[in-house]
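Trainee: The lines below spell out each chain.
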Amino acid sequence: MNNNGNVSITLMQFIFLIHGVQMGVGVLTLPRELAQIAGTDGWITIIISWILCTAASLIIIQVMKNYPDGTIIDLLSHYFGKWIGKIATLIFAFYFALLTMVIFIREALFIQVWILPFTKIYVLAFLLAVPSYMLVRNNINILGRYSQLVFFMTIWLTFIILMPLKYANWLHLLPVLKEGWIPVLKAIKSGIYSFVGFETAFFLYPYLRNKEKASFGVIIANTLSLSAFLFITIVAYVYFSPDEISKYSEPAVTMLKVIDLNFIERLEIIFFTFYIFVISTSVLPAMFFTVYCTSRLTGSSDHRKHAIVFLSLIWLYTFIVPTTFERNRFMQGIVEQGGSFISFLFPLCLWLYFLIRKLVKGRTGK
Amino acid sequence: MKKLCSALSAVLLTSILSSCGYNPIEDLTISLILGIDLDEDNNLIFSQSSPVFNKEAKKNVEVYQLKANSIRESRQYFDAIATGDVTAAKIQVLLLGKRLLEHENWFSILDTIYRNPNFSLSTKVVMVDGKVSDVIFFEPEEKAQLPLHLNEMIDNNINRTRTENTTLQVLHRYMYEKGVTPSMPEIKREKDIKLSGISLLDKNGKYIESLGIEESSLLLILMDEKKEELTLSFPLTTLEKDGGIFHENEISILLRKVSPKIKTKYKDGKFQFDYNITMTVSLVEQIFSSNKVTKEELEKLIEKELESRFNKLIKKFQDLKIDPIGLGIYARAFQYDEYKKVEDDWGAAFSEAEVNVSVDVKMISLGVTS
Chain A
9 MNNNGNVSIT
19 LMQFIFLIHG
29 VQMGVGVLTL
39 PRELAQIAGT
49 DGWITIIISW
59 ILCTAASLII
69 IQVMKNYPDG
79 TIIDLLSHYF
89 GKWIGKIATL
99 IFAFYFALLT
109 MVIFIREALF
119 IQVWILPFTK
129 IYVLAFLLAV
139 PSYMLVRNNI
149 NILGRYSQLV
159 FFMTIWLTFI
169 ILMPLKYANW
179 LHLLPVLKEG
189 WIPVLKAIKS
199 GIYSFVGFET
209 AFFLYPYLRN
219 KEKASFGVII
229 ANTLSLSAFL
239 FITIVAYVYF
249 SPDEISKYSE
259 PAVTMLKVID
269 LNFIERLEII
279 FFTFYIFVIS
289 TSVLPAMFFT
299 VYCTSRLTGS
309 SDHRKHAIVF
319 LSLIWLYTFI
329 VPTTFERNRF
339 MQGIVEQGGS
349 FISFLFPLCL
359 WLYFLIRKLV
369 KGRTGK
Chain B
25 MKKLCSALSA
35 VLLTSILSSC
45 GYNPIEDLTI
55 SLILGIDLDE
65 DNNLIFSQSS
75 PVFNKEAKKN
85 VEVYQLKANS
95 IRESRQYFDA
105 IATGDVTAAK
115 IQVLLLGKRL
125 LEHENWFSIL
135 DTIYRNPNFS
145 LSTKVVMVDG
155 KVSDVIFFEP
165 EEKAQLPLHL
175 NEMIDNNINR
185 TRTENTTLQV
195 LHRYMYEKGV
205 TPSMPEIKRE
215 KDIKLSGISL
225 LDKNGKYIES
235 LGIEESSLLL
245 ILMDEKKEEL
255 TLSFPLTTLE
265 KDGGIFHENE
275 ISILLRKVSP
285 KIKTKYKDGK
295 FQFDYNITMT
305 VSLVEQIFSS
315 NKVTKEELEK
325 LIEKELESRF
335 NKLIKKFQDL
345 KIDPIGLGIY
355 ARAFQYDEYK
365 KVEDDWGAAF
375 SEAEVNVSVD
385 VKMISLGVTS
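Which chain is which? The protein sequence lines are A and B, in order.
Residues in the first sequence are numbered consecutively from 9, following the numbering used here.
Residues in the second sequence are numbered consecutively from 25, following the numbering used here.
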């Protein structure tokens, strides 16, 4: 199967696809999760996570350079044989499927809690599934365009988040490193989870038109996400007292509740409605890569049927299993574990493999 | 055909969306005031006031009061007597009776407000010196509907820096933040409903003391919460009185820019806070002859007077072991290790702290007369 065909994505689409996957639902709870472990020093954790994740993404790009015309699946099949390739496809399919499930269901749960408390989850899941299918049935370049569009369409939400700063108390951030480095380092696990998504570079790389810019692209994508996370977290920290922030499950939304404009009350609902678009740029690529992997596995070139089946399965799941935040968090835990393997350990091993291989080859060449 | 199909499916999909439906405003009982109080037998009393939109009704406000165990439970009883569905999303003012606040740990009653995202968190929390029912059943004839009147009245006083803007959100912070003790506006029913200042609570939410309007303004300066306008009127006690029945050494100043700076130290086993408040003021009233003192002397006199007032106020807080200013937040920010040891009883630690206030007054205008 020729991956490139005539489908390709621009650097901008590459950046916004990766950034979009990272800007999922995690950021809404991120300030609390970090504060629970690291207090108001959580923002340092974000910077450390960013360094780690950028390094990992650069390694991914280095690995992919060894087989620039195919995705990670083609690369593995090429170097390690067909069966390793199949197994890796299965693992990736499983990982992206779980990631999709977590975000998709969390999205529905948030909508239910904040906007439509009387609507059943499976109704919401169905309503979300229809537009999802309409986008996912297309190829990656359409998703790239969508992510780029949504980014520029929702960038004004930043200004809404600026509003609570009116009530901010910057003293909450002091002293820096209240309890030393240990809690900051302990929180890295949560910090890294919000950056999950850069591993899509494994699949996006072959489509990128201008491959020399790939490293630059992942750095920009990670930095964009860093600024978004840092911004939201710091606003939440200066707005809420360090002693109270962990009492709110989604501090990033709660802090919008006090914005009191003369012509509109409960601005957080408007914010949230638009934020659904942002979440969709996270869930749709993950969904696409799930069905991409499964269709590769079955050898079919049409991933639409797989998309329909996958979405139906998710919907069936929401219909049969009562969805709760606890169960969702449990699944998130699995994804976090898998994510740290797939996005850190796996590229690192591959990278070392190629380094050694080059070394050995160089030596025998002489 | 394809277009028709997608159009049809779009219609079908939107039809399964459960929206709010058609809810005419006449059929809603929109609570604008919620009151919580405790009666003599320690029963919780809930009351609510909402506007009536029906033209046939003689009164334009409906007020109900009943006993219940919790806010959410009270709603079902309100529903049973009110015309329409009672909705809590638009509550403007939350009145808390003094008797309720004289008991510790009343804060947990408000749980549903924070748990349920329907509630607005910009609702103002106000203490009633007396019974809530005295206020909520008050029907001023010469004023707008009580909910509107009350809301406006408190808002105006917040803008003029006479009372604090304690919203539900702020109250939540006050209750959980260890370095500050809660405070909220206080109103009282006499002939009219009047704002009497700020009430101060201890860390458990128990009512401790009330501040009058004057002291409230001073507290707000210390908290760096000066809003749009702030006028202080006081007699210059150090100035010799001419005698006579009028307070002839009385002056009023309009504070234009107020910036308190706080230095936090830890010395000899206690915290030390050095306040330096610089303010630019203009003179708006002076009931003694202006040739008695020069401008520079006047600045000095005002500084002295304000310093003694600030010190007295802080002394009062320390005696009561409360810290409504939130100096604990400064202690945490700058003396974390020492603060960490006392954070669970910050009020006591604060009562032993040394607080020095110095005021710098810069008179920029003496008005248009001399």
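One should not assume that every hint holds.
Pairwise CB distance ranges, derived in the manner of DEER restraints [stated by the list, open to error]:
| id | chain 1 | residue 1 | chain 2 | residue 2 | range |
| --- | --- | --- | --- | --- | --- |
| 1 | B | Phe77 | A | Trp178 | 52 to 58 Å |
| 2 | B | Glu80 | A | Phe239 | 35 to 41 Å |
| 3 | A | Trp164 | B | Val317 | 53 to 59 Å |
| 4 | B | Asp298 | A | Ile168 | 35 to 41 Å |
| 5 | B | Ala31 | A | Ser309 | 48 to 54 Å |
| 6 | A | Met339 | B | Glu80 | 52 to 58 Å |
| 7 | A | Leu193 | B | Ser132 | 48 to 54 Å |
Keep in mind that the hints were calculated from the coordinates and are not lab data.
Nothing here was measured: the structure is a model prediction, and the numbers come from that model.
By construction, the Cβ of each residue, glycine as well, lies at the ideal position given by its N, Cα and C atoms.
Trainee: Now tell me if each hint is right for this structure.
Mentor: Hint-by-hint comparison with the structure:
1. In this structure the supplied range 52 to 58 Å is violated for B:Phe77 paired with A:Trp178, their Cβ-Cβ distance being about 45 Å.
2. Separated by about 53 Å at the C-beta atoms, B:Glu80 and A:Phe239 break the suggested range of 35 to 41 Å.
3. For A:Trp164 and B:Val317, the Cβ-Cβ distance of about 56 Å falls inside the hinted range of 53 to 59 Å, so the restraint holds.
4. The hint said 35 to 41 Å for the Cβ distance between B:Asp298 and A:Ile168, and at roughly 38 Å that hint holds.
5. For B:Ala31 and A:Ser309, the hinted distance range of 48 to 54 Å is not satisfied, since their beta carbons lie about 31 Å from each other.
6. The supplied range of 52 to 58 Å is met by A:Met339 and B:Glu80, whose beta-carbon atoms lie about 56 Å from each other.
7. Checking the proposed 48 to 54 Å range against A:Leu193 and B:Ser132 shows it is violated: the Cβ atoms sit about 36 Å from each other.
When the structure is compared with the earlier hints, violations turn up for hints 1, 2, 5, 7 and for no others.
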